[in-house]
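Q: In my numbering, the protein residues as written are 2 to 571.
Honestly, the hints are just simulated from the structure, not real lab data.
If you're wondering where the values come from, they're calculated on a predicted model, not measured in any experiment.
A portion of the hints provided could be inaccurate.
The following label-pair restraints were derived from C-beta to C-beta distances [said to hold, decoys possible]: (1) Asp125 x Thr508: 45 to 55 Å; (2) Ala475 x Lys123: 54 to 64 Å; (3) Asp524 x Thr72: 39 to 49 Å; (4) Pro400 x Ser221: 26 to 36 Å.
We put the CB at the ideal spot given by N, CA and C, even for glycine.
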Amino acid sequence: MRPALGLLQVTQIERRLSDTVGPLIDVSDLEAHSDAQVELTRKSRALAAFIVLKMTACSSTEAANSVVDGTKDNGIDAVGIDLDEKRLVVVQSKWSAQGKGSAGLDEMIKLREGLNDLVQFKWDRFNSKMQAKRKELETVLLNTTAQIDIVFAHTGTSDLAADVSDIITNYLAEMNDTTETGSFRYFNQSRIIQLLIDEQKPDRIDLTVELLDWGQMEGSPKAYYGQVKAKDVAEWHKAHGQALLTQNVRVVLPDSEVNSSLAATLGDHPELFWYFNNGITVLCQKVDKAPAGGADRRVGNFAFIGVSVVNGAQTVGTMAKAVDQGVDVEKARVMVRFISLEEREPTFASQVTRATNTQNRIGGRDFLSLDREQSRIRDEFAIDGLDYVFRNGEEEPLPASGCSVVEASIALACAAENTSLAVLAKRELSGLWEDIGRPPYKTLFNPGTSYLRVWRCVQVLRIVQELLGELSTALDGRPRLVAVHGNRFILHIVFRQIALEKVDDPTLPWDSELSRVPAITADTFGHVSDFVENYFPGYPASLFKNATKCGELARAVLQLLRKTENSAGS
2 MRPALGLLQV TQIERRLSDT VGPLIDVSDL EAHSDAQVEL TRKSRALAAF IVLKMTACSS
62 TEAANSVVDG TKDNGIDAVG IDLDEKRLVV VQSKWSAQGK GSAGLDEMIK LREGLNDLVQ
122 FKWDRFNSKM QAKRKELETV LLNTTAQIDI VFAHTGTSDL AADVSDIITN YLAEMNDTTE
182 TGSFRYFNQS RIIQLLIDEQ KPDRIDLTVE LLDWGQMEGS PKAYYGQVKA KDVAEWHKAH
242 GQALLTQNVR VVLPDSEVNS SLAATLGDHP ELFWYFNNGI TVLCQKVDKA PAGGADRRVG
302 NFAFIGVSVV NGAQTVGTMA KAVDQGVDVE KARVMVRFIS LEEREPTFAS QVTRATNTQN
362 RIGGRDFLSL DREQSRIRDE FAIDGLDYVF RNGEEEPLPA SGCSVVEASI ALACAAENTS
422 LAVLAKRELS GLWEDIGRPP YKTLFNPGTS YLRVWRCVQV LRIVQELLGE LSTALDGRPR
482 LVAVHGNRFI LHIVFRQIAL EKVDDPTLPW DSELSRVPAI TADTFGHVSD FVENYFPGYP
542 ASLFKNATKC GELARAVLQL LRKTENSAGS
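Can you build the whole structure from these sequences, using the hints too?
A: The following block contains the structure:
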């Protein structure tokens with residue numbers, strides 16, 4: 002890039018910052034600095050705030066307040082917090098008035114270390130600006146579905162050097178070992194300019210669509226439906242990106258059970274995709290049908306004006322990703338319906354969006370109603386005057402009156418000898434029900450699974466959960482994270498220390514066994530927390546979703562517990 006053009010773009014960025022977050026940036030901590038240094042810092046902070054503004058649904062004031070840059074900022078210049086989505090946008094920024102250079106090795110290392118301290122609640126390493134956000138940050142990071150979007154913004158024109166990129170790439174590889182928790186984007190000058198360009202693009206998206214085997218709904222609102230080739234849907238996403246999903250309740254998730262299933266069907270059986278997929282719903286402002294083809298319903302060419310995908314974002318995104326990866330989707334088709342808003346009141350769009358994302362969902366739990374073992378367990382519960390519910394929509398019983406299949410599944414998974422089932426219960430509970438005809442489901446629910454085993458394991462679960470909940474509110478730092486994210490693992494270790502082999506024996510004095518659980522839990526938590534602190538650095542949420550590492554941790558903790566027990570007995 003020519004230097005003159007680089008300087009022009011820096012000026013354009015500077016002007017845009019001045020029009021949005023720039024005047025709101027706090028520089029009161031820089032009174033001892035020169036005017037030139039104050040302005041340089043203001044621009045750098047404004048850049049960080051602008052990134053937060055563009056990546057979240059916040060206001061300019063909220064974006065400016067996201068800035069934490071200053072003494073003891075620990076490599077983090079701004080943090081955007083989305084409590085609803087359990088998402089953080091962590092930004093480091095650097096302003097180059099000449100539009101040269103890129104992020105350096107030391108800067109990226111500092112950012113990595115700051116991130117590591119953030120996800121481990123090492124608040125003493127941050128300044129008062131960051132600590133003022135502590136409650137909200139902990140709310141997000143204590144959630145098992147937390148997402149962390151990491152951004153380094155630099156007004157230089159160069160891309161990241163390989164060794165600099167490796168710093169954050171390797172860090173995220175460990176964080177994302179089990180689930181997609183963190184992501185990284187580098188915004189150099191050209192990418193920041195693209196953000197400015199995108200602001201000027203018209204909001205309206207128009208699509209020319211070839212509908213196969215199409216039909217039309219009679220009456221108002223006007224609506225058309227039919228099959229669309231997967232490659233065409235992928236082109237929609239390629240051309241318009243996330244703007245295509247402006248009214249959807251969520252954009253394309255980076256990784257999920259649903260996406261994996263969609264991708265598998267596209268790759269292995271594209272001709273069956275139409276049968277396995279629920280389809281896509283698109284709202285549009287207006288519909289025009291080309292006269293070609295007339296009334297022939299086999300193929301119709303339509304112009305849909307002002308479109309937005311309101312249901313099926315994961316289908317759209319997965320198709321786009323499959324095409325990018327070279328998957329042959331030629332035989333894949335998807336059902337799409339286009340609903341015109343021409344003749345409807347303004348609230349109709351939100352009603353469609355809400356309804357299509359909440360109605361008629363069938364997940365793994367729905368298939369449990371087909372398993373006779375669930376009915377048997379329910380009947381056995383009923384004989385003892387207890388309730389057991391396993392169908393979606395059934396009212397949950399009061400704790401003293403029974404339990405649901407959700408509690409039962411978690412308890413049985415954690416009681417299993419294999420640590421990996423406790424990890425799966427933490428990482429993706431629905432994975433336990435993915436196929437009711439084979440393990441892991443059959444490991445938990447089979448003819449040998451008595452109601453007594455289910456009920457007693459649930460009782461242990463509740464005691465452990467209550468104690469860990471109390472600990473999580475009383476503790477701080479990494480121990481608090483261990484209490485929250487390690488709850489299933491700790492329950493698994495507790496089960497290893499009680500008379501689980503006799504859990505089906507109705508003559509076993511179970512109340513006496515339950516009385517031991519609080520002390521065992523507290524002792525187990527202490528050992529697990531110590532091991533995590535000393536041998537497992539990083540974000541504990543990722544650790545407790547990793548079957549291999551949890552297996553190592555379980556062996557270490559159980560070995561220590563056995564040594565302690567032997568010493569006490571000698």
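Q: A separate judgement is required for each hint: does it hold in the structure or not?
A: Evaluated hints:
| no. | hint | verdict |
| --- | --- | --- |
| 1 | Asp125 x Thr508: 45 to 55 Å | 53 Å, holds |
| 2 | Ala475 x Lys123: 54 to 64 Å | 18 Å, violated |
| 3 | Asp524 x Thr72: 39 to 49 Å | 42 Å, holds |
| 4 | Pro400 x Ser221: 26 to 36 Å | 49 Å, violated |
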